[in-house]
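Protein chains: 2
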Amino acid sequence: MPVLMELSRLVVSDLTDQQAMYLREVGGTRMFPILIGQFEAQAINRQLLEEEPFRPMTHALLKNVITALGGVVEEVMITEMKEHTYFAVLKVRIGDTVHGIDCRPSDAIAMAVHYSPALPIYVAEQVLHEVG
Amino acid sequence: MPVLMELSRLVVSDLTDQQAMYLREVGGTRMFPILIGQFEAQAINRQLLEEEPFRPMTHALLKNVITALGGVVEEVMITEMKEHTYFAVLKVRIGDTVHGIDCRPSDAIAMAVHYSPALPIYVAEQVLHEVG
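As given, the protein sequences belong to chains A and B, one line each in that order.
Here the first sequence stands for residues 1 to 132, numbered as in the numbering used here.
Here the second sequence stands for residues 133 to 264, numbered as in the numbering used here.
It should be emphasised that the hints constitute simulated quantities derived from the structure, not laboratory data.
Since this is a predicted model, take the numbers as computed values, not measurements.
It cannot be assumed that every hint is accurate.
Simulated crosslink set (PhoX-like; lysine-lysine; CA at most 25 angstroms straight-line) [stated by the list, open to error]:
1. A:Lys91 <-> A:Lys63
2. A:Lys91 <-> B:Lys214
3. B:Lys195 <-> A:Lys63
4. A:Lys91 <-> B:Lys223
5. B:Lys195 <-> B:Lys223
6. B:Lys195 <-> A:Lys91
Derived coverage of chain A by chain B (criterion: at least 3 residues anywhere in the stretch with Cβ under 8 angstroms from a Cβ of chain B; other residues may be distant) [claimed, not checked]:
7. 56-69
8. 94-104
The beta-carbon is built from N, C-alpha and C at its ideal position, and this holds for glycine as well.
I would like the entire structure built from these sequences, with the hints used as guidance.
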């Protein structure tokens, strides 16, 4: 069973290329960090700060494209970890079909926080076992 | 009439946050630069160098999402310049409908070069007058 989690902390530093986001179990205590890039961290941070850029940034464009094509992002999920790399999917519904689209966790969480309320963030139980 | 142009030069520097892409008229001599951000410049540069990242970067995700939803990006266009800011659209067909989706020129060109051959890049004649 995938576990519902939330973005609990984001560490953004100009001094390094590697930033970190922490996911924490909703109604639980499990938590783990995922290292992400600076651009993706900034994209997430702007949303957390409710900054509205003058022009659509790339994740806002992605959201706008999905909406224009009649799609709805239902949730995001961290599905597995292989060789220190986390894999994720965007679950996008169009009509009766839900597409699970392969992505990096940073893009998944950036998308999640572009919605209000944020999209549900799930993490596969197996991933939590491996990082636990 | 929009003018068909191509990406003729990309200037990427680690020393500054502002990078530049130059668009040149196909079969003509008109050319102009647009300043873009570092992340977007890197996204374009990776495509020009035919680097294949291990995991989908954000523009590849955007391309994959559009394809999964049954959309086809037909072209990109720089539509206007207002107060030193260029505006662009992605033209995405789904069925019989073409959606013109508002975006920054850097995302438009990054998307264009994610296809092989690259998507057509158009610039509104009015924009060329203003930068000429």
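Status of the hints after comparison with the structure:
1. Of the supplied pair hints, the one linking Lys91 (chain A) and Lys63 (chain A) holds, its CA atoms being roughly 13 angstroms apart against a limit of 25 angstroms.
2. For the proposed pair Lys91 (chain A) and Lys214 (chain B), the alpha carbon gap of about 37 angstroms is over 25 angstroms, so the pair is violated.
3. Between Lys195 (chain B) and Lys63 (chain A) the CA atoms are separated by roughly 12 angstroms; this keeps the pair inside 25 angstroms, and the hint holds.
4. Annotation: proposed proximity of Lys91 (chain A) to Lys223 (chain B) holds, straight-line Cα distance about 24 angstroms (limit 25 angstroms).
5. Straight-line distance between C-alpha atoms of Lys195 (chain B) and Lys223 (chain B) comes to about 13 angstroms, which keeps the hinted pair within the 25 angstroms bound.
6. The hinted pair formed by Lys195 (chain B) and Lys91 (chain A) meets the criterion: a straight-line CA distance of about 15 angstroms does not exceed 25 angstroms.
7. Counting residues of the segment 56-69 of chain A whose beta carbon lies closer than 8 angstroms to any beta carbon of chain B gives 11, which reaches the threshold of three, so the coverage claim holds.
8. Proximity of the segment 94-104 of chain A to chain B, defined as three or more residues with a beta carbon under 8 angstroms from a beta carbon of that chain, is established by the 6 residues found.
Comparing the model with each numbered hint stated earlier shows that hint 2 is the single one that does not hold.
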